[in-house]
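Taken in order, these protein sequences are the chains called X and R.
Following UniProt numbering, the numbering of the first sequence begins with 1 at its first residue and continues without gaps.
Following UniProt numbering, the numbering of the second sequence begins with 1 at its first residue and continues without gaps.
There's no promise every hint is true.
[Claimed, not checked] Only pairs whose alpha carbons sit at most 25 Å apart, straight line, appear in this in silico SDA-like list of lysine to any residue:
#1 X:K134 with X:K320
#2 X:K178 with R:V49
#3 X:K170 with R:L131
#4 X:K32 with R:N46
#5 X:K243 with R:V49
No lab work stands behind these hints: they were computed from the structure.
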Amino acid sequence: MKRFLLAATAVATVSLAATSAFAGPTLDAVKKRGELVCGVHTGLAGFSAPDDKGNWKGLDVDVCRAVAAAVFGDDKKVKFVPLSAQQRLTALQSGEVDILSRNTTWTLTRDTANGLNFTPPNYYDGQGFLVTKKLGVKSAKELNGATVCVQTGTTTEQNLADYFRANNMKLNAVTIEKLEEVNAAYVAGRCDAYTSDASQLASIRANDVPTPDDHIILPEIISKEPLAPSVRHGDDQWFDIVKWTQYAMVSGEEYGITSANVDDVAKTATDPNVKRLLGVTPGMGAALGLDEKWGYNVIKQVGNYSESFEANVGPKTPLKLERGLNAQWNKGGLMYAPPVR
Amino acid sequence: MTEPNKGRSGASFFNDVRVRGIIAQIVVLGLFVGLIGYLVSNTIHNLEVRQIATGLGFLSREAGFDVSESVISYTPADTFGRVIIVGLLNTLKVAVFGVVIATVLGTVIGVSRLSSNWLVARLATVYVEGLRNIPLLLQLFFWYALITVSLPSPRQAHKFAEGWFLSNRGFKFPWPVWEHGHTLGVIGLLAAVIAIYLLGRRANRVQAETGNRPNVLIPGLAALIGLPTVGWLIGGAPTAFDVPALTGFNFSGGALISPEFAALLLGLSLYTSSFIAEIVRGGIIAVPWGQTEAAVALGLRRGLVVRLILLPQALRVVIPPLTSQYLNLVKNSSLAVAIGYPDLVGTANTTINQTGQAVEGVAMIMLAYLTVSLTISAFMNWYNGHISLRGGR
Chain X
1 MKRFLLAATA VATVSLAATS AFAGPTLDAV KKRGELVCGV HTGLAGFSAP DDKGNWKGLD
61 VDVCRAVAAA VFGDDKKVKF VPLSAQQRLT ALQSGEVDIL SRNTTWTLTR DTANGLNFTP
121 PNYYDGQGFL VTKKLGVKSA KELNGATVCV QTGTTTEQNL ADYFRANNMK LNAVTIEKLE
181 EVNAAYVAGR CDAYTSDASQ LASIRANDVP TPDDHIILPE IISKEPLAPS VRHGDDQWFD
241 IVKWTQYAMV SGEEYGITSA NVDDVAKTAT DPNVKRLLGV TPGMGAALGL DEKWGYNVIK
301 QVGNYSESFE ANVGPKTPLK LERGLNAQWN KGGLMYAPPV R
Chain R
1 MTEPNKGRSG ASFFNDVRVR GIIAQIVVLG LFVGLIGYLV SNTIHNLEVR QIATGLGFLS
61 REAGFDVSES VISYTPADTF GRVIIVGLLN TLKVAVFGVV IATVLGTVIG VSRLSSNWLV
121 ARLATVYVEG LRNIPLLLQL FFWYALITVS LPSPRQAHKF AEGWFLSNRG FKFPWPVWEH
181 GHTLGVIGLL AAVIAIYLLG RRANRVQAET GNRPNVLIPG LAALIGLPTV GWLIGGAPTA
241 FDVPALTGFN FSGGALISPE FAALLLGLSL YTSSFIAEIV RGGIIAVPWG QTEAAVALGL
301 RRGLVVRLIL LPQALRVVIP PLTSQYLNLV KNSSLAVAIG YPDLVGTANT TINQTGQAVE
361 GVAMIMLAYL TVSLTISAFM NWYNGHISLR GGR
């Protein structure tokens, strides 16, 4: 009896502590805590992975650093929480993380029934197939009857089944939980093809197969995958802050402001758009509930979108991804920031 | 309070041991119910605040994802409800085979450890200590990697006979095209099992009355072979086989033992068998040596000593811990998701991810495991009661 009583008290204490963690607007909670808690991928080179010194690097990581720069004026005040594909939505819903920035596809269900609000996509992706050259396949349409490796807990599983059904092809899907194990199964030849977002396949081809030249990514892109950060329903101010932090990076590229020249630009700028973005003309920061130098801090400490892209996934990195859909709107892409005014 | 003074040592009401006991129980029960109520209402409230969908409506929506193997027919056009059942059946499939293999292996190894043959006993010791001291997840990874890496691709598959292929896509073999005759054959097999049971009971009764035990073996064997054959013949004696053949990337037709199922079954049954071996060994040692000596002194043959004296007494010690091992095996099968076997946890996890309804999904997983485990427990407890000493307590 005594032992049971003790256990019951312990359970009660723990659950009380756990449920009282989420209260009030997110910005206040983040400021009070002194750091931003950001949900990222457990390790996907180019998007979010720790480097050899243990610092998180990647396109998704930069979103969180930028938000920290906007809120605290210091991009280091971020705690990164690596999340599996299955944990990620629950972690954000339950308040364990303030932002989910983990190559997550923006879909209607997630945006509504799952209680998430998606900020602008930071990478427009699409699902593709990675196969060995030995297989002699030139198109995804030739994959009838193929065994396909896929990671569980992703929109990828559904796209895969949809594509094979739409084309009247027979599918054997081998669904494995952890990315490393899916990679191992593909490398061992358990599957004929590996399906995932094309950017992720590029990362896997570059880093995880023994000889990248023996593998090709098939030309077909079978889905739209707008990869976007997300926040919880019910806190519009926080939603705005994350959204406009991303727009600041995109605008920065549009106006030619980089982390290297931002100080000079701030001093000499004549363009009212630039002056508002960098806080030379005040008002924008106050509207967001942030310091007037929020935009300056983002670009100074993290860089504009182009800098982040080139450093993490661009042609000079192992992933060798072209800008494609992710170019600026005036260069044939979809990156379009609304006016800062 | 109508009972006179029983247990009331003249002390005041609140110092009464019985009253205190009752109050303590009421308080604890109240706390427990309150805690559960608080957790449930808090969860519902939070889900509402965050506008997360609730309810079981998602079960009838189209699942839209593929599952690599299934006992019942399944396509991505089926519902989430069906895919969860597919997962549950896959869990049960691996559990049933796993329990049987682990029991047989465990018994053999357990007896071997007691062998007077030095080599056999030492090998059994190495087996037990090796397998039970390595985490199961690692063993599963090991078997899965061994199967997928060491076996050839489908185009270079090992071919044993026409239609028997072994490759890193699994073991493919011919399987009868299921017809009416097969159904009748299975019914015949069930009838044979019942017939053997009845024969055994009759033999016991006759032995009790007359002292002579009628021969059960020959009629039993006749029923076991005869009845299914008769059923099969009545059904038109179908002989068509679905023979696997290489078409395109993979084999089509026939039956398949997938690498995922093989790795999981191998890992689970070897791991559990090492524990069962120890339980069996303990059970045998628990029967005093004097029992064997006494039986031999009565002139019983070695086989009869084991069957009539050793085994019934050892089983009483073995069954309760054995039940725990069966339960462990069933629950450990949830590690399947690590190597891509579509078990209950795997399919339910994908469902949770597609629908975002984690609370309902996890509750269903827990309920399913609880049901399976309690069923096994109930059966094993019944069996334990059946073989335990009667009138001894």
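The hints, checked one at a time:
At roughly 23 Å between alpha-carbon atoms, X:K134 and X:K320 fall within 25 Å of each other, so this suggested pair holds. The suggested pairing of X:K178 with R:V49 is violated, with an alpha-carbon distance near 32 Å, which exceeds 25 Å. Distance hint between X:K170 and R:L131 is unfulfilled; the C-alpha atoms sit about 39 Å from each other, more than 25 Å. Only pairs whose Cα atoms come within 25 Å are accepted, and X:K32 paired with R:N46 is accepted, the gap being roughly 22 Å.
For the proposed pair X:K243 and R:V49, the alpha carbon gap of about 22 Å is at most 25 Å, so the pair holds.
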